[in-house]
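Peer 1: Residue numbers (the numbering used here): 14 to 839.
Keep in mind that a hint or two might mislead.
Said to hold, decoys possible - Restraint ranges, calculated between C-beta atoms of paired labels, are given here:
| # | residue 1 | residue 2 | range |
| --- | --- | --- | --- |
| 1 | D645 | A778 | 27 to 33 Å |
| 2 | I438 | Q478 | 16 to 22 Å |
| 3 | K376 | P780 | 45 to 51 Å |
| 4 | P646 | A778 | 45 to 51 Å |
| 5 | L601 | G436 | 48 to 54 Å |
| 6 | S491 | S744 | 25 to 31 Å |
| 7 | S491 | Q761 | 55 to 61 Å |
| 8 | N560 | L199 | 42 to 48 Å |
FYI, nobody ran anything at the bench for these hints, they're computed from the structure.
None of the values given here were measured: they were computed from a predicted structure.
Backbone N, C-alpha and C define an ideal beta-carbon position, used for all residues, glycine too.
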Amino acid sequence: MQKIYTYPFFRCESKFSQILSGNSVQADNISTFYYRYLRYFLAKDDATATSYDKYMALSYAVRNQMVDKWIETQKRYHVSNSRRVYYLSMEYVLGKSLRQNVVNLGMDESVTQVARDLGFSLDEVYAEEHDCELGNGGKGRLAACYQESMATLGLPAMGYGLHYDYGLFQQEIEDGVQIERPFDWLHKGHPWETLRPEYACIVGFNGRLAPSSSSQRGPRSVWEEYDEVVAMPYDFPVPGYNTNTVNTIRLWSARPTEEFLSDYLNHGDYVRACEETSESGRITKVLFPDEDVRRTTEMRIKQQYFLVSASLQDIVRRFKQHNNDILELDKKVAIHLNGSRCAVAVPELLRILIDREGVPWQKAWDITRNVFSYTSHAVAKDNLENWPVYLMEQILPRHVQLVYEINQVHLDAVRKEGAKESGLIRELSLVEEGEVKRFKMAHLAVLGSHAVNGVSRMQTDLLTQRIIGPLALRGSASFINATNGIAHRRWLLCANRPLASLITEAIGDSWATNPEELERLAEFVRDDEFLFRLGDAKHAAKRRLANEVLRRLDIELDMRAMFDVQTKKIHPYKRQMLNLLGLLARYLRIKNGEDPVTSRLHIFAGKATPSDQLAKQIIKLIWIVSKIVNEDPQTAGKMSVVFVPDYGISWAEYLVPAADLSEQIATPHLEASATSNMKFAINGAVTIASKCGSNVEMIERIGSENVVAFGHGVGDIEALKEYKPYEVLESSAELKAVFSFLEKALSQFPDGHAVYPLLSSLQDADPFYVLLDFEDYVAKQRMVDEIYQDRLRWLAMALMNVANCGWFSSDRAVREYAAEIWNVEA
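Please build the complete structure, drawing on both the sequences and the hints.
Peer 2: This is the structure:
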């Protein structure tokens, strides 16, 4: 029998505290500000303060210590007048801020002391904060990670986004059915935002074009009589780790103008004034309202234009504070577009330069292209943003003119280079002809940028070779790859304290700012004592998750089991169905008398888009399978299934550190560059990985011997001349058994028929190749069971995942952007 060593974590807490307490503020100062805010701002005392009051008071006390750095940072940027980076994103998934800010400001030890002295639980106070999830997931979390890295690296940078009234919906599960509840993240106030009414600006919509006598290139018009909406800015501080830099994310909220309301009020139509006020506010009510197609498209256009117009006006205003010549804008400003949803920034900057600043057309176009860079997350042409021309003519008539002018200049250059074939011209054009004429917004972003990047090596190849194809060869933009990264300080230093403590004791504290230092952990791969301590750290994370699940869901987790975790947006291409079919195969083997060598706890978490019916059926089927498995006495102690509802950043900070096995099994050619795989791996989870996006690069860097890869790659799928899922189903006895079981089992549930369309889609078409990869997936899962039984081998694999994940830090990604795209020093 192997000897199991248990090592208390307090042995390395002192050293770990040092990494978190650089530039620390005395606890008595924090305590003083805490009581000041509790009494004079919240009008409470110890006897009446709720846990949320304590959270608010502590947040304001911490914020108070950050403000001087925030102000000094902006002063430093103004004095240096260096080239600045402005990052435009429709989404920011920030999660909770208090703990992250405490750690980055070096106040962890002081805040812990304050909580101890005042007699309250710091974990309970941290739990009171709501997740700030202003977006649907991946791109928003990436934007948040990059902002933290920019601040830590001291980049003169600023983020721009939208101040949505409602965040991503709250998910409830009732009998397996997803119920969406609106999430008013501001209903109790938010201590981290600062209203900046002095920087409000006007954004126009609709209106008409009047002729202009301008002699510049193309038909000149003046945009008149447009509807005005006020863009009101809210600033969020972003402190760098252990630095004096505090950068800013500025979020815009839509408000009606006073003059607009007065027109109605002066005529006694108060109700109409209130209705129109509500209509103006809808622009930032929530990301992409889920309504009928026309209204959704109209609101998408308005949201996207509102963001870029307000941001560009603000950027130009900031530039003019220290620069007199607008022709020098591209020398002082770098603007990055996070996805094609910001592409309307290209004609908007052109409009500002030509119509407001009087810059000649060609010079304005040169400046525009030098200023912008663009990240494409697309993996297929269907992912690209396309705007109906007729709607854009109504909402942004001047911009329609400018897009046509850009297209004409572009096609003239293409023809001059010798392109004559009409099909090629159509493909290169910004205008997609058809029953409904559309503008290709991603093509517009490419033409209007000096640099374009993909987010994984595989996705960059798809982008340049197929998605935009000839445009990549004929445009002036340079194309590079910048593989996504994660904020390792948040996902390891903050989220997994036991593991962070162990790492710091082993290799010192420099890994927090130099994540490549994690490679030194490889020295301990044959150190049994260290590996067992790594196992203790994992056990502590699993216990922490189990306590939270018991508290919030009243479910007791089996601590002896392997924690097998898949946390993703629920969608057919994420292939939760492959996971489900695999665990049902395991269940049937148990029913047939084959005891598994490893007990498994299968954890699912994620939200389905409200309008995605197949995704909702996946959730329903997970619920049904969990009822079948968990209520069967034959599976007790062998396997169980749990769905964690309302998955977000807070749940991720429990689930990611606790996972033994990370399920990264999306369809290969449809996953651009996941980042959850990196978060799990850097926390010591072993990955079972399909050959998609950043998985391929993880396998290369972590080592194929430390990742369990399976299934067909992009090339394999493309080589299939004809795919017939029914033949795959017929050829696999195990797969047939699973479907036969489901057919009988579903009939026992009153609404089991609700998932029939989902199962039919697999049998009839299987567009995401679930059945194709089933056999190899199940075989590799059996291999995972065997490896897990060899405790030291498993822990060595886990350690090598941590050691080789430093490259996937967002610090590395931001340095690449700074050097190769933005031309600023990091």
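Peer 1: The hint says 45 to 51 Å between K376 and P780; measuring C-beta to C-beta, is that right?
Peer 2: About 48 Å separates the Cβ atoms of K376 and P780, which means 45 to 51 Å holds.
Peer 1: Given the hint of 55 to 61 Å, is the C-beta distance from S491 to Q761 inside that range or not?
Peer 2: Roughly 59 Å apart at Cβ, these two residues keep to the hinted range, so it holds.
Peer 1: Between N560 and L199, does the beta-carbon spacing fit 42 to 48 Å?
Peer 2: At roughly 29 Å between Cβ atoms, L199 and N560 fall outside 42 to 48 Å, so the hint is violated.
Peer 1: Take the C-beta atom of L601 and the C-beta atom of G436, compute their distance, and say whether it sits inside 48 to 54 Å.
Peer 2: Holds, at about 52 Å.
Peer 1: In this structure, is the beta-carbon distance linking S491 and S744 contained in 25 to 31 Å?
Peer 2: violated, 47 Å
Peer 1: Could you say whether the range 45 to 51 Å given as a hint is met by the Cβ separation of P646 and A778?
Peer 2: Given range 45 to 51 Å: violated, Cβ gap about 38 Å.
Peer 1: For the range 16 to 22 Å, tell me whether the beta carbons of I438 and Q478 fit it or not.
Peer 2: Once the Cβ atoms are compared, 20 Å apart, the range 16 to 22 Å for Q478 and I438 holds.
Peer 1: Range hint 27 to 33 Å: satisfied by the CB atoms of D645 and A778?
Peer 2: Holds - the Cβ-Cβ distance for D645 and A778, about 32 Å, lies within 27 to 33 Å.
In this structure, the earlier hints numbered 4, 6 and 8 are contradicted, and the remaining ones agree with it.
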